[in-house]
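Q: Below are the chains, spelled out letter by letter.
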Amino acid sequence: MGSTKIDPEQFLIKEPTVVVREVGDEAFLVHAEAILHLNPLAAALWKLLDQPCSIRQAVDLLHTVYPEASRQQLDKDVELLFAQMLGKNLLQTVDLGEQF
Amino acid sequence: MAEKRLVRLRGLKRLILFDGTVELLDLCNRVFADFSEESRAHMNRDNLAAVIRRDSDWYVRRSRWLPEAVRHNDALEAVCDLTVDYFHCFSEDNPGTLCLHTAAAKVGSGLMLFPGYYRQGKSLFTAHLAAQGIEIFTDDALPVDDDNGFGTAMGLYPRLRQPLPDTTPGAVLSFIRSRISVENQNYIYLALKPGELAEFGTREKITGITLLHRERGRTAELEEVSRAAVVKELILRNFAKDIEALEILDRVMAMVAASDCYRLCYDDPAQAAALIARELA
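Protein sequences, first through last, are from chains G and Z.
To convert, note that position 3 of the first sequence is 3 in this note's numbering; the numbers rise steadily by one, no gaps.
Numbering-wise, this note's numbering comes out as the position in the second sequence, counting from 1, plus 1000.
The shape of chain G in the complex, shown without the other chains (with noise of 0.2 Å):
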């Protein structure tokens, strides 16, 4: 699936009509009649996605927890797994500035 370039800066939450299934510390999502398998990093990155969340922000939280990772890969890991689930449609941009 092609996957879009996304501003580190923008922010991302979950489109709401997808459905989660744990299965330890992975997960399965359900949404338009397809099912898409998230390994651990995947899952974990899901869980994040409750509250808006920017690519930034979530290397960030990953950094924290796996400091002897490189953060260029972490920068592109995120960016790639957020890219394809907005193509998934199972995502949504949020701006936050509207909000207030």
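In case anyone wonders, no lab produced these hints; they're calculated from the structure.
Note that CB positions come from ideal geometry on N, CA and C, so glycine has one too.
Some hints here could point you the wrong way.
[What the hints assert, rightly or not] The calculated label-pair distances, taken between Cβ atoms and stated as ranges, are:
1. G:Asn-89 <-> Z:Asn-1047: 39 to 47 Å
2. Z:Asn-1044 <-> G:Gln-51: 55 to 63 Å
3. G:Thr-64 <-> Z:Lys-1241: 44 to 52 Å
[Claimed, not checked] Stretches of chain Z that chain G covers, calculated by requiring three or more beta carbons in the stretch to come under 8 Å of a beta carbon on chain G:
4. 1224 to 1230
5. 1247 to 1254
[Said to hold, decoys possible] Some chain Z residues near chain G, calculated using beta-carbon distances under 10 Å:
6. Ile-1235
7. Ala-1257
8. Asp-1260
Let chain G serve as the given structure and place chain Z on it in line with the hints.
A: Just chain Z now, kept in the frame of chain G:
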């Protein structure tokens, strides 16, 4: 005028028409183990699942699930391929039934599934299990109803690819050779005996799921496997189309939660089957 015969395979509401191809009925008996014939008065377009006709040297099959006709010039191949329509028809005739590409056998107190993709060696492994005295439910596909995860035997004889591996032990070769129902240069159908093959309609609770992992040179070993990996594998193996995605996921998760789950790593199917018989049966 070509002779027409109508056949109802067990478990199906719809019929198969053999139009000028009645010589295939004997082969059907050696593959499907049991079916009944219906009066031609019952034939209409709506209750036909598939039709097999002759076209010169070819058997031509049309079905509701084929985008275009399929042609075979070997009688056994023409009958073999009917199993595809059989399971699609069964799935439609029994809505709400999951249909999994998996081998399955009675191991211990319940049914053990051995899901695997096409050409992974499920059927050969099944034959080795049978040679170990383990009762087989299927070597290929299993309907699973919603009644707390029960699998149902369809009574189809296992189908092995020819040639059998050179490494097949003599005792297993004897077992196979003494049970050949029918064969051609590509396939052997095994007419397993009662007690070796569960009869059509036999139901058993699914209590175990073992993922098969073939690896060259690997000594047979049972490993732990994540339940998420098992859930993912079973979802990929389901070919029933009428069930909503969330229901498929919830039912598969319930099945996995209620089962002992393993990964079986092996190179030699004889060694792998002996391990299952020794450790789990």
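Q: Please go over all the hints and tell whether each is borne out by the structure.
A: Structure-based check of each hint:
1. G:Asn-89 <-> Z:Asn-1047: 39 to 47 Å: Check passed, 41 Å falls within 39 to 47 Å.
2. Z:Asn-1044 <-> G:Gln-51: 55 to 63 Å: 59 Å, holds
3. G:Thr-64 <-> Z:Lys-1241: 44 to 52 Å: 45 Å Cβ-Cβ, so the 44 to 52 Å window holds.
4. 1224 to 1230: With 3 residues in contact (Cβ-Cβ under 8 Å with chain G), the coverage given for the region 1224 to 1230 of chain Z holds.
5. 1247 to 1254: It holds, with 4 qualifying residues against the three required.
6. Ile-1235: 6 Å, holds
7. Ala-1257: It holds, given that the least Cβ distance between Z:Ala-1257 and chain G is near 9 Å, below 10 Å.
8. Asp-1260: 15 Å, violated
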